[in-house]
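Engineer: Let chain A serve as the given structure and place chains B and C on it in line with the hints.
If you read the sequences in order, they're chains A, B and C. By the working numbering, the letter at position 144 of the first sequence is numbered 144, and the numbering carries on one by one without gaps. Positions in the second sequence are counted from 1; adding 1000 to them yields the working numbering. Positions in the third sequence are counted from 1; adding 2000 to them yields the working numbering.
Be aware that one or more of the hints could be misleading.
In silico DSS-like pairs for lysine-lysine, Cα to Cα no more than 25 Å straight-line [said to hold, decoys possible]:
1) K38/A / K2073/C
2) K114/A / K69/A
3) K55/A / K80/A
4) K129/A / K2059/C
5) K2037/C / K2/A
6) K2122/C / K2/A
7) K2059/C / K109/A
8) K2011/C / K38/A
By construction, these hints were calculated from the structure, which means they are not laboratory data.
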Amino acid sequence: MKGLSTIALILISLLCALFIYVAEDIPVFGDPNSPPIKYVRLFSIDADALENQLKRSVIPNNLMDEFEKRGFPRPFRVEKVTGMEGEWNAFVSKEEIHYSREEKYYWIKKKGDKLNIYRYAFVVRWIEKGQEETGTPNMVTYGLADYRGYDTLGETAVIFTAGIAVILLLRRRGKL
Amino acid sequence: MERSIIVETVSRVMIPFIQLFSLYVIIHGASGPGGGFQGGVVFGASFILYIVVFDITSGRKKLPESVNTVLSSLGLFIYAGLGLLCIIFSSGVGQYLNYGFLPFTANFEENRALGIELVEIAIGITVMAIMVSIFFDLAWKEENRKGGEE
Amino acid sequence: MEWLIEEVFAKYNYWISIILMLIGFYAMIAKDNLIKKIIGLNIFQTAIFLFFISLGVVKGGTAPIVSEEMISKGYVYGNPLPHVLILTAIVVAVSTTAVALSLIIRMYEEYGTIQEEEIMEKSREKGMTGV
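So here's chain A without its partners, still in its complex pose (with noise of 0.2 Å):
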């Protein structure tokens, strides 16, 4: 009993270790910013003629040589963030797979002297367009048993096949 003890002490010190290692990729507790929240960034490019052609809603062809070399989906339409200065949403055409109809995709900020690219978590598709597509108010509930109903019904198998493994454990003849 002794050794195991031991043991397990010195696996915990080194998982100790490696936990004190990762703590600064973690984000911090409440922050509005962090990627899986609203968005997660791409590149950057230099911005200097760029701007003026977004501003008149024209998709420069630096822009969309940058996106086929990384191998993202092109956008199709760019429209002005209403209410902010310098800031544009990219969309998908539904050419692309995998999407039905046009979908806002791309969030393209401008700081300083660059171009910055950011691509929109799906949270923000569940967040923008539940209410209207399934007609209720709660986002978990629609999460759970609409967009991810499939998962659902995995789950209850996995309860039911609970129930009957402890039924065939601990029955034995005679009636209960």
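Structural biologist: Using the frame of chain A, we list chains B and C on its own:
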């Protein structure tokens, strides 16, 4: 274990209200916190309270074994069958669990909301029956069981 | 001093869940009684759920239920995605605990004890190969 009048009377009064509250949690899962899993566990907890306070044999009389097994399969059956109905009623256009094609009302979005409610009730039934069944199996003790002698 | 405030005090949700996780892990490995191992498993799982849900908190945010009056007061919504994934994980944890407890009942009927060392000795005495 001796019987206590206070505990028995209070639990007799409280059990219908616990079941009513669990029904509220299941059905109002669409416009507030709640849902199928949460309401099902509270409903099962009311039966477990009855078993803990009174005897286990009188608890088994309230929910017989045949009803227990039928209820635990009924929820999963409704859930999987609803998906298949969506394919049949849309004549091949819709996908497996796309509730919009069920013929409840004439609106696409309202059908989805009603489909979500039906699915939550099915989940609640299954979870309740499984909770009570697991508790019965773990707590049953025969009169002449020889444990630990072999 | 800067990094102390930024790294340690601002991320207190991470450190609390790490401490709980290590307590549960120690109980699973080093304790002798079988029931205490199952309790350690439950503590481990609860720590993981707490950490994952705390990633979806937004400062100055409200619950993820669509309502007009909260938007007009200027609140932002929290993230609904971790709640959806953890609901499934909680059900899996309950199922695992139920099957593990029923296995412990069968082992007690077979060996007469639930201390792990005595079970290993008894199974060696009985001559079970491969233990």
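Engineer: Straight-line Cα separation of K55/A and K80/A no greater than 25 Å?
Structural biologist: holds (8 Å)
Engineer: Please verify whether K2011/C and K38/A have alpha carbons no more than 25 Å apart.
Structural biologist: holds (20 Å)
Engineer: Against the 25 Å threshold, does the CA-CA distance of K38/A and K2073/C hold or violate the hint?
Structural biologist: Holds, at roughly 21 Å.
Engineer: Are the Cα positions of K2122/C and K2/A separated by 25 Å at most?
Structural biologist: holds (21 Å)
Engineer: Just to be careful, I want the Cα atoms of K129/A and K2059/C compared with a cutoff of 25 Å; is the pair within it?
Structural biologist: holds (23 Å)
Engineer: Checking one constraint from the list: CA of K2059/C to CA of K109/A, max 25 Å. Satisfied?
Structural biologist: holds (23 Å)
Engineer: Given the hinted pair K114/A and K69/A, is their alpha-carbon gap at most 25 Å?
Structural biologist: Holds - the C-alpha atoms of K69/A and K114/A are around 19 Å apart, at most 25 Å.
Engineer: Is the hinted pair K2037/C and K2/A satisfied, with a Cα-Cα distance of at most 25 Å?
Structural biologist: Holds. K2037/C to K2/A sits at ~17 Å (cutoff 25 Å).
Consistency with the previously given hints is maintained throughout, with no hint failing.
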